[in-house]
Amino acid sequence: MQADHSAALQAVVRAAIADKTPLRIIGGNSKQFYGRMTTGTPLPVAEHRGIVHYEPSELIITARAGTPLAEIEAALAAHNQMLPFEPPHFGPTATLGGTIACGISGPRRPYTGAVRDFVLGVRLINGRGELVKFGGEVMKNVAGFDVSRLMTGALGTLGPLLEVSLKVLPRPQHEITLTFTCTARQALARIRDWSAQPVPLSGACHDGTRLYVRLSGSSSGVTACQRKIGGDALPDDNQFWHKLREHQHDFFRDDGLLWRLSVPPAAPLLNLPGQSYLDWGGALRWLKNPLPADVIRASAAKLGGHATLFRGGERTGSMFHPLPPALLALHKRLKSSFDPHGIFNPGQLYPEF
Amino acid sequence: MEQKPPAHTTEKQALLAALHAILPDASLLVHEEDLRPYESDGLTAYRALPGVVCLPDTLEQVQQILRLCHQMHCPVVARGAGTGLSGGALPLENGVLLSLAKFTCILDMDPDNRTARVQCGVRNLAISEAAAAHGLYYAPDPSSQIACTIGGNVAENAGGVHCLKYGLTVHNVLGLKLVTMEGDLLELGGKTLDAPGYDLLALLHGSEGLLGVIVEVTVKLLPRPERTQVALAAFDDVASAAEAVAAIIGAGIIPAGLEMMDNLALCAAEDYAHAGYPVDAAAILLCELDGADEEVSDLIMQVRTLLLANGATEVRTALDDAERRKMWAGRKAAFPAVGRLAPDYYCMDGTIPRRRLSEALAGIAALSQHYNLRVANVFHAGDGNLHPLILYDANSPGELQRTEEMGGKILELCIAVGGTITGEHGVGVEKLDQMCVQFGTAELDQFHDLKHTFDPKELLNPGKAVPTLQRCAEFGAMHVHHGKLAFPELERF
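These protein sequences, in sequence, are chains P and D.
Positions in the first sequence are counted from 1; adding 1 to them yields my numbering.
Positions in the second sequence are counted from 1; adding 3 to them yields my numbering.
In isolation and in its complexed conformation, chain P is listed as follows (with noise of 0.2 Å):
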């Protein structure tokens, strides 16, 4: 389905900047728990829509913001291609500008890169109601500022997304998935060591009894790895991934706080109560427990890494890690050079802007 709305997304700016009335960017609805509560009149994307142009010998896409993730996937499939950062999509309405507004990439991410690792050009309307574009539909490009990437993960309070280049990756020709019982601490030692040297990791997880690692390559390469490592290869191994990227393992189904720590990967345990699992090879630490923000934050800050508070709870304080005040400033400063009168999602991402 292809539909070009850009021109009355602007129209909407253009009237919000008029009125100074903020506006709350909603692409697919499917991450509306992340990120601190805002008010604001709804921006609707979801209805600009469509794959602009995919090239599939260049692996470069570009698609409308609301384009869904699952159409983004079944193009690249079909020519057994794929986005590496593996992104969640927490409900099937996600659409792509939400994914990179949101910036986060699943199991994938430490092997191949994460979402902002992908993003080649964008397309958006700024604070002052012009549609303007960025980077392009090529790997190499230091022209002008690296205004993409930075759109990655700032949860649309530099504007809403309207179009997006990505570079895309071949699907590995064989992946296999090995597990190991072992406690937390031994996976994240065998994990040390295999990152040190030649295997083709693509995933390594462990939730509480059992670690869990993909491989990727040649099937002749994976076979030679299995041979090296060891463990027991586990059936059905695309759905225990898809399971993990999506948050649908039993660990992950509670109605309670969620802590996401992201901390260096051989990063000793947590010295806190409550269940954890690992991901990322270690250096993704979710965390379910109801300790006070400060306790946590502190003890991702002792290991040199920071907390955001995933899902959960009031949304009305800080739910990512809060910044220093030099940085705080500069970050405000950016914030109303694209946006100068305020009106992108004011307060999704910290309070002060």
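All the given hints hold, so there is nothing to weed out.
Okay, the calculated beta carbon distance ranges per label pair:
id, chain 1, residue 1, chain 2, residue 2, range
1, P, Pro43, D, Gln305, 45 to 53 Å
2, D, Glu461, P, Gly305, 33 to 41 Å
3, P, Thr210, D, His277, 53 to 61 Å
4, P, His243, D, Ile257, 18 to 26 Å
5, D, His373, P, Asn30, 52 to 60 Å
6, P, Glu72, D, Asp111, 43 to 51 Å
7, P, Ala78, D, Asp111, 36 to 44 Å
8, D, Cys108, P, Pro291, 39 to 47 Å
9, P, Phe181, D, Ala445, 49 to 57 Å
10, D, His373, P, Gly305, 55 to 63 Å
11, D, Glu407, P, Ala12, 39 to 47 Å
12, P, Ala78, D, Ala312, 21 to 29 Å
13, D, Leu322, P, Asn30, 54 to 62 Å
Some chain D residues close to chain P (C-beta under 8 Å, calculated; not the full set):
id, residue
14, Gly162
15, Asp202
16, His208
17, Glu298
18, Gly422
19, Asp452
20, Thr456
Worth flagging that the hints you see were computed from the coordinates, not collected in a lab.
Just so we're clear, the structure is a prediction, and the values are computed from it rather than from any experiment.
Ideal placement from N, C-alpha and C gives every residue a C-beta, glycine not left out.
Using the hints provided, position chain D relative to the given structure of chain P.
Structure of chain D alone, referenced to chain P:
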């Protein structure tokens, strides 16, 4: 005639006195003979003598210098190894040249997290050398990697021959420390895979020293691949070579490197490096594969079949590591090799959608004929990054000017086929006019606003990377693009 630096004004004397309070005498260069080595970077066609050169040893000194210059409204140009190819480190006669050459310490090598934290003046190759003890390396390898520094790599978002598979600098850096024009030290990222807030880490990459002075970098290290193999294929025409590249990637193979050279470039490289290139070929492809031993064996067979099916007249694979290195030696030496064909050469850096390669090369050939200047083409074929090298003689009257004009036309051609004016060398001072072609007023305005976010007084590397709207108006008056006048809303002079 070269311009003499302006006479010591009261302001300059006050600045020097204040700098003397921060730096020891040996770290402050003021005499013309000491300033001369800093007059240009790798783009030697542009030269200017800096007002003063500062060579700080400590972070505190960098902060003090910037704080002082901020107070005194003195512009500052940061410089690493000076290997840049777009004039990004071209000094200002009324400004401070801040050399970061003394920041050469590797601060932390962390094999468990596979990171290295290094000062900005550490050379690209030195990181891999230090990591080798742990079986690790730093992936981006720009051709200047022996000399170029990691701080400069970040400022330019440097690439290299392996970025198709391993990414650019931005994909391989986890954290930065930078000093703002006001002298504040900011820390972005660290050893984690992401950081809270806006992705300023990405924004700083390729910002060409306009937003802050990068003083420390935390890079990601990778394990050395088990095996590396390279295939060399010869083609009778460039179009077939381009189709072979599309076929390899279309088959789901991402080579570690995929490089193309046209006949003029490969003959020059062969003469220079004796790499064993077939000098009668119209183009050659170098395709490097790495990974597990078995995987490389499989892939090299697949690649060989694809190359032959797409018109390769000959495919050779390196028998051993020595032969592989020899095959690469020619490619890595392509620029200096081409440099021997003429007194001077001018290196361009556009990126194009790969499927438009034949068209772009035909356009370049037509320009070459029109301007009567020879062009050798070296191409990062996997990612579409084209380096046409224009051969000229600076001592021949008007030839540099013709070369620059032709270079500008090549860049505009890259834009016309859907590409960009710079893939990895940066805009610097040389591509400012073409920025006016690639971007409109709203985008350029946004770039200026972004610059002011970090540096409201426009003191950090001013005049580089982003053209003023006035400059674009003047350029637009000379170049009517597609029958449409660029920047019609601005006055003409």
